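Between the sequences and the hints, there should be enough to build the whole structure, so can you do that?
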Amino acid sequence: MNPESAELKLTIAKLLEIAYSTNKEVTLQIVRSKGNFTVKVNENGQATLIGKSGSLIFNGKPVLEAIGAKIKRVSILFYKDKKFKVKYKATFSLEIISLSVRGSFDIEKLLTSCSGILCQAIRAIKNRNSQREKQYKKIMGGN
Amino acid sequence: MKYLCIIFALLVSGCASFNKESTLYTNYEQYKESTLKSKDYIKYFSEVITNNINASNESQLLFSKYMSKELHHYERINNKIGCLTVNGVGDKNEPVSFFLEYKNENKKWLISDIDVTFLEDKKNYNSKALCPKDVRVK
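As you go down the protein sequences, you meet chains A and B in turn.
Just so we're aligned, residue 1 is where the first sequence starts under the working numbering, counting upward by one.
Just so we're aligned, residue 144 is where the second sequence starts under the working numbering, counting upward by one.
A few of these clues could be false.
Cross-link-like lysine-lysine pairs, in silico, DSSO-like; alpha carbons within 27 angstroms at most [unchecked claim]: (1) K70(A) x K87(A); (2) K70(A) x K266(B); (3) K87(A) x K266(B); (4) K175(B) x K109(A); (5) K24(A) x K89(A).
What the hints contain is simulated information worked out from the structure, not anything from laboratory work.
These numbers were taken from a predicted model, which means no experiment stands behind them.
This is how it looks when you write it as structure tokens:
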């Protein structure tokens, strides 16, 4: 079964969530600074958030494992649209094909919702919380 | 009369080369039709791809299932490499594009690279033939 677009968008949200739960301060500095920022995940699941103000390494493996299909790498480019509105382009390289997804979301909404639900990140990724996933999908514009 | 015949012949050959412009799309249509049958579809892929197939990733060759309705397509061929872009929508009417690279191997056009892009809006469709490497985030 090949991954669907909503699943990929959810993965993008979860990667940001892990970055945030790994280091809230650095993550906020990067996403709030001027200019683009990127998230790259390699085959071993090592993820890197890179922006003009710095970078942060975190473990993206649990999120990629949840997709099912083997992911060789992920590259996501985030760029500012309006205030707090972020557009993104992402490519998930599978073994044979690549799946790319385009979208936009409110970064503040995503990160601030963390205080209520999102911050239980790592634990929740291991035990999937369908209610939270629904909320993420809504924020990320998933179906 | 002789000259008229020559002009007519030139026009006909012109039409024939115009038809050649849909080579890749015709090939894509044949691949798509083959996905409805057994495992016939494998013959539409280059060795670059078939050498890496195993039981867990073979379903990726059925990428055409991501699109339930086609809207437009564009293709270009440069010597032995071709690019085909197919725009359409998925089951829930969400916009999706296929970017395919073709290689001419032993006089056959075979799919050698694939990107499936899920777009945010139909206005974001590309209106030219692009290869997967042109659209991937690096």
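Hint by hint, here is what the structure shows:
1. A threshold of 27 angstroms between alpha carbons decides the hint, and for K70(A) with K87(A) the separation of about 26 angstroms falls inside it, so the pair holds.
2. Between the alpha carbons of K70(A) and K266(B) the distance comes to roughly 31 angstroms, so the proposed pair goes past 27 angstroms and is violated.
3. For the suggested pair K87(A) and K266(B), the alpha carbons sit about 15 angstroms apart, so the restraint of at most 27 angstroms is met.
4. Restraint check for K175(B) and K109(A): not satisfied, since their Cα atoms lie roughly 41 angstroms apart, outside the 27 angstroms limit.
5. For the hint linking K24(A) to K89(A), the alpha-carbon distance of about 23 angstroms falls within 27 angstroms, and the restraint holds.
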